[in-house]
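*Asks:* Following the hints, put chain P in place on chain R, whose structure we already have.
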Amino acid sequence: MNDTLDVLLRLVGVLVVFLVFPLLVGQTEHKVMAHMQGRLGPMYAGGFHGWAQLVADGVKFAQKEDVVPAEADRRIFQLAPAIALLPYLVVLIAIPVGPDGFVGQALDAGLFFVLAVMGVGVLGSLIAGWASANKFSLLGGLRTAAQLMAYELPMLLTAASVAMAAGTLSLPGIVESYHWWWTPWQIVGGLVFFTAGLAELQRPPFDMPVADSEIIFGAYTEYTGLRFALFLLAEYAGIVVLCALTTVLFLGGWHGPWSDGLGWLWTLVKTAALAFVVIWLRVSYPRLREDQLQKLAWTVLIPLSLAQIALTGVVKVVIS
Amino acid sequence: MNHVAAHHPGFLSPTGVEITFVLVGLATLGAALLTVTTRQLVHAALWLVVALGGLAVEYLLLTAEFIAWVQVLIYVGSVVVLLLFGLMLTKAPIGRSPDADSENRWVALGVAAAAAVTLVWVVVDAFRSTWVDLHGVVQGSSHATGESLFRHWVLPFEALSVLLLAALVGAIVLSRRDGESAGAGSTSGTGKEKS
Chain R
477 MNDTLDVLLR LVGVLVVFLV FPLLVGQTEH KVMAHMQGRL GPMYAGGFHG WAQLVADGVK
537 FAQKEDVVPA EADRRIFQLA PAIALLPYLV VLIAIPVGPD GFVGQALDAG LFFVLAVMGV
597 GVLGSLIAGW ASANKFSLLG GLRTAAQLMA YELPMLLTAA SVAMAAGTLS LPGIVESYHW
657 WWTPWQIVGG LVFFTAGLAE LQRPPFDMPV ADSEIIFGAY TEYTGLRFAL FLLAEYAGIV
717 VLCALTTVLF LGGWHGPWSD GLGWLWTLVK TAALAFVVIW LRVSYPRLRE DQLQKLAWTV
777 LIPLSLAQIA LTGVVKVVIS
Chain P
57 MNHVAAHHPG FLSPTGVEIT FVLVGLATLG AALLTVTTRQ LVHAALWLVV ALGGLAVEYL
117 LLTAEFIAWV QVLIYVGSVV VLLLFGLMLT KAPIGRSPDA DSENRWVALG VAAAAAVTLV
177 WVVVDAFRST WVDLHGVVQG SSHATGESLF RHWVLPFEAL SVLLLAALVG AIVLSRRDGE
237 SAGAGSTSGT GKEKS
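Those protein sequence lines, which keep their order, are chains R and P.
For reference, each letter of the first sequence is one residue, going 477 to 796 in the working numbering.
For reference, each letter of the second sequence is one residue, going 57 to 251 in the working numbering.
Extracted from the complex, chain R is given alone in its bound form (with noise of 0.2 Å):
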C-alpha cells in the first residue's frame, strides 16, 4: 500500500510540474520579450507589470470556435495536438531534481527513454501538417520532418558523449558521478545539445517550420482555440525538459554550493537561467533559411559532436 501511494504521489508531483512549469516559462517569456523589445501590449493586463496577460491569453483560446477543415482528415486533426504534448509528459518522469531519488522514477536507461520519447513528440505536428489539407501546412510538417532527421544525429551523439563520461545511462546515476571540471570536458557537447534540442523544439532561430511570415505558422495553421494553445503549450514542455536534461547532463544538476539540502533548488536554478537563454535567443536571432539550418546540422553540429565523443572517449581511457 505505503509503495503504491508513493508512485502515486510522484506521478502527481510530476503533474503538477507539468502544467505549472510551462506556463511559468510562458509567462517569463511574455515579460523577458516585452523589456528587451521595448514592447507595452503585455504589460497592460491587469496593472502591476501586466501580470493576468498570460490568464487573458487563456480566456481567449477557450473562447475561440474549434475548427476543423472540411476536407481534413478529421480523427488524425484532432488527435495530433495530443501526441504533440503528452511526450512531455512521459519524459518529465524520468528527470532528476535533487538527490536521493528525488525523481518520479529512477529509469536504468533513463537517458535513452528521454530520447526516445521526445523523439515521438514530432510526429504530433508531422501528422497535424499532413492532415490539415493545407499545403502551408504539408510544407510545414515536410520542413519538421527534415529539421528532426538533421539535428536528432548530433543531439544523440553528445548524449552518448556523456553516458561515456559517467558510465551510465541512469540519469541520476549520470548526475552523481558528476565533477566540477566535467562542464569544461564536455562544453562543446553541451552546446551542441543545447543548439540541436531548439531546433528540435523549432524554436528560433531554427523555427523555419512555423515560420509565421511565411508559410503562416506551418502545421498548425488550420488549428484554432484550445487545440492550438495544447501545441503551444507542448513547446514551452519541450523548454522546460530541454532546459533540465541540459542541466542535469552538462550542468551537473543538483550540484552546487551548500548542496546537501537544496540540491533541487539548484537543479531549478540552472534551468530556469537556460529557459531564460532560450528566450532571450528568440529575441536577438534571426530565422534561419532552409538550408542554412541543414548545412549547420550537417557541417557543424554533427563534426562537433564526433570530435565531442573523442575527446571524452581518448580523456575517459587518460584518467582510468
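Watch out, some of these pointers could steer you wrong.
From the derived model, a few chain R residues whose C-beta atoms are all more than 12 Å from chain P [as the list claims (entries may be wrong)]:
1) Leu484
2) Lys507
3) Ser653
Below, computed lysine to aspartate or glutamate pairings styled on EDC-like, alpha-carbon distance capped at 20 Å [what the hints assert, rightly or not]:
4) R:Lys611 - R:Asp482
5) P:Lys147 - P:Asp157
6) P:Lys147 - R:Glu547
7) R:Lys792 - P:Asp157
8) R:Lys611 - R:Glu766
9) R:Lys611 - R:Asp688
Rather than coming from a laboratory, the hints here were simulated on the basis of the structure.
Just so you know, even glycine gets a beta-carbon here, dropped at the ideal spot from N, CA and C.
*Replies:* Just chain P now, with coordinates in the frame of chain R:
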C-alpha cells in the same frame, strides 16, 4: 536459469504480467494487420507506429528495458518519421487511395506466414521452459545488454557496422551520380565548378 526452470509456473495459472503480455501482443498483431490492409497510406504509417510501440511494450514486459527504448528511438522516432516524410513528399492524399495495392496479396501472405512459423518455431524451441525471473536481477539492463553485445557478439556487431557504412557510402554515391557525370563528361563542366 535452471533453478527457475525447475519450479516454473504452469500455463494454467497466468500472472498479471503474462496476461498483459498476451493482450498487448494481440493489440500489436491487430495494428500490424491494419497496417497492411488499410487503403489510406498515412493511416498505414500510423498503425505501424502502434505496432512498433506495442512491440516496445512487449520488450519492457520481458524486462529488456534498453532494447525497448532503442526500439522506440529508432523505429518510432526515426524510421516512421522518414516514412511520413516520404509520404508527404509524394503528397499522399487524404482518404482512400484505390491504387495502393501491389496485387501481391497472396505472395505477401505466404511469406508472412512462413516467416511467422519459422520464428515461432525457433523461439519456442530455444526458450521452451525458460522463465523470466521478475524479482531477481534485471536480465535486460543496459549493463547486461552491453556486456553480451561487446563480449560475445562483438564480431556480428562490427560486421553490421561495416554493412551500414557500405550502405552509407552507397547512398552518397547514388545521390551524387548526376553531379559527377556532368563534371567528368565535359571539361566545360569542371571549369564551371571551379569558377
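*Asks:* Decide, hint by hint, whether the structure agrees.
*Replies:* We went through each hint and held it up to the structure:
1. Leu484: With a cut-off of 12 Å, R:Leu484 remains clear of chain P, as the shortest Cβ separation is near 18 Å.
2. Lys507: 34 Å, holds
3. Ser653: Given that every Cβ of chain P is farther than 12 Å from that of R:Ser653, nearest at about 15 Å, it holds.
4. R:Lys611 - R:Asp482: 49 Å, violated
5. P:Lys147 - P:Asp157: It holds: about 17 Å lies between the C-alpha atoms, which stays within 20 Å.
6. P:Lys147 - R:Glu547: 14 Å, holds
7. R:Lys792 - P:Asp157: Since the Cα atoms of R:Lys792 and P:Asp157 sit roughly 54 Å apart, the hinted pair is violated (cutoff 20 Å).
8. R:Lys611 - R:Glu766: Holds - the C-alpha atoms of R:Glu766 and R:Lys611 are around 17 Å apart, at most 20 Å.
9. R:Lys611 - R:Asp688: 14 Å, holds
Comparing the model with each numbered hint stated earlier shows that hints 4 and 7 do not hold.
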